[in-house]
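Engineer: Sequence:
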Amino acid sequence: LATGMSPFTYVLTLPSVFFFSRGLSASNHRNREDSWFKSLFVRKVDPRKDAHSHLLTKNEESNLYKIQFHNVKPECLDAYNQLCEETLPSIHNDKYYPCELVGTWNTWYGEQDQAVHMWRYRGGYPALTEVMSKLRQNKEFMKYREERGKMLLSRRNQLLLEFSFWNEPIPRKGPNIYELRSYQLRVSTEARAIGYRQHNSEAVGGFFSQIGNLYMVHHLWAYKDLEAREATRNAAWQHEGWDEVVYYTVPLIQHMDSRIMIPMKASPLQ
Numbered sequence: 001l002a003t004g005m006s007p008f009t010y011v012l013t014l015p016s017v018f019f020f021s022r023g024l025s026a027s028n029h030r031n032r033e034d035s036w037f038k039s040l041f042v043r044k045v046d047p048r049k050d051a052h053s054h055l056l057t058k059n060e061e062s063n064l065y066k067i068q069f070h071n072v073k074p075e076c077l078d079a080y081n082q083l084c085e086e087t088l089p090s091i092h093n094d095k096y097y098p099c100e101l102v103g104t105w106n107t108w109y110g111e112q113d114q115a116v117h118m119w120r121y122r123g124g125y126p127a128l129t130e131v132m133s134k135l136r137q138n139k140e141f142m143k144y145r146e147e148r149g150k151m152l153l154s155r156r157n158q159l160l161l162e163f164s165f166w167n168e169p170i171p172r173k174g175p176n177i178y179e180l181r182s183y184q185l186r187v188s189t190e191a192r193a194i195g196y197r198q199h200n201s202e203a204v205g206g207f208f209s210q211i212g213n214l215y216m217v218h219h220l221w222a223y224k225d226l227e228a229r230e231a232t233r234n235a236a237w238q239h240e241g242w243d244e245v246v247y248y249t250v251p252l253i254q255h256m257d258s259r260i261m262i263p264m265k266a267s268p269l270q
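For reference, each letter of the sequence shown is one residue, going 1 to 270 in full-length UniProt numbering.
Among the clues, some could well be false.
[What the hints assert, rightly or not] Label pairs and their calculated CB-CB ranges:
| no. | residue 1 | residue 2 | range |
| --- | --- | --- | --- |
| 1 | E227 | H255 | 40 to 50 Å |
| 2 | Y109 | Q137 | 32 to 42 Å |
| 3 | M142 | Q254 | 36 to 46 Å |
Keep in mind that the hints were calculated from the coordinates and are not lab data. Glycine included, C-beta positions come from ideal geometry on N, C-alpha and C.
Work the whole structure out from these sequences, hints included.
Structural biologist: Encoded structure:
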């Protein structure tokens with residue numbers, strides 16, 4: 001990480017590594033490399049006293065997200081899903097808890113026997129603290145956690161903020177499949193080109209990590225099926241400037257992962 005550079009100066013739109021194969025001509029590559037190299041010395045950065053995360057998110061005081069990854073014992077997956085469907089909606093629908101279940105899925109392609117849950121806390125960290133405190137007093141929820149623990153191989157979570165220029169995830173009718181694209185970033189640059197993928201309704205939400213694995217970006221997309229996903233992603237190449245976005249952003253990705261997910265019955269995102 002360069003001296004003085006914030007980890008929150010993320011690339012906010014990251015296309016697939018697969019796009020790199022489309023390439024550009026060698027001369028275009030060389031010209032852009034020269035321009036990029038020169039920009040290191042001529043670009044003026046205005047000093048700021050506020051955190052870079054404030055520049056990227058809509059309002060850090062407003063929405064905080066938690067994403068949970070649960071790796072389930074294969075023989076317990078059906079029982080786990082049923083347990084979640086019986087418990088999670090009751091928390092989502094209860095106004096006593098200042099949180100909402102954004103979506104809950106099983107991974108279809110990607111890491112197998114995995115469940116992914118996303119929660120939204122309106123009011124930021126105070127809302128998260130309030131929910132966690134109240135749930136510890138909820139006997140039904142504590143019983144759910146005990147039963148759930150018997151079914152899991154491992155679990156992890158992250159706290160996320162949402163990017164200012166993405167949609168806020170809202171319930172949608174199905175059937176849909178969902179793709180969660182997760183990027184571990186190197187040192188990154190400015191925000192660009194989410195507009196290229198906003199022409200249709202596939203963009204669900206974009207987030208960056210605040211606590212947990214850092215330098216992480218998550219993009220959530222919805223498609224009718226895998227064929228629609230392929231057609232939509234290929235169509236991005238018809239927009240002028242998309243190839244340039246690919247050229248500058250792909251080298252900044254240290255690691256990337258894609259999950260195709262199927263909503264559980266209780267998910268507001270169907």
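Engineer: State for each hint whether it applies.
Structural biologist: How the hints compare with the structure:
no.: 1; hint: E227 - H255: 40 to 50 Å; result: 27 Å, violated
no.: 2; hint: Y109 - Q137: 32 to 42 Å; result: 39 Å, holds
no.: 3; hint: M142 - Q254: 36 to 46 Å; result: 38 Å, holds
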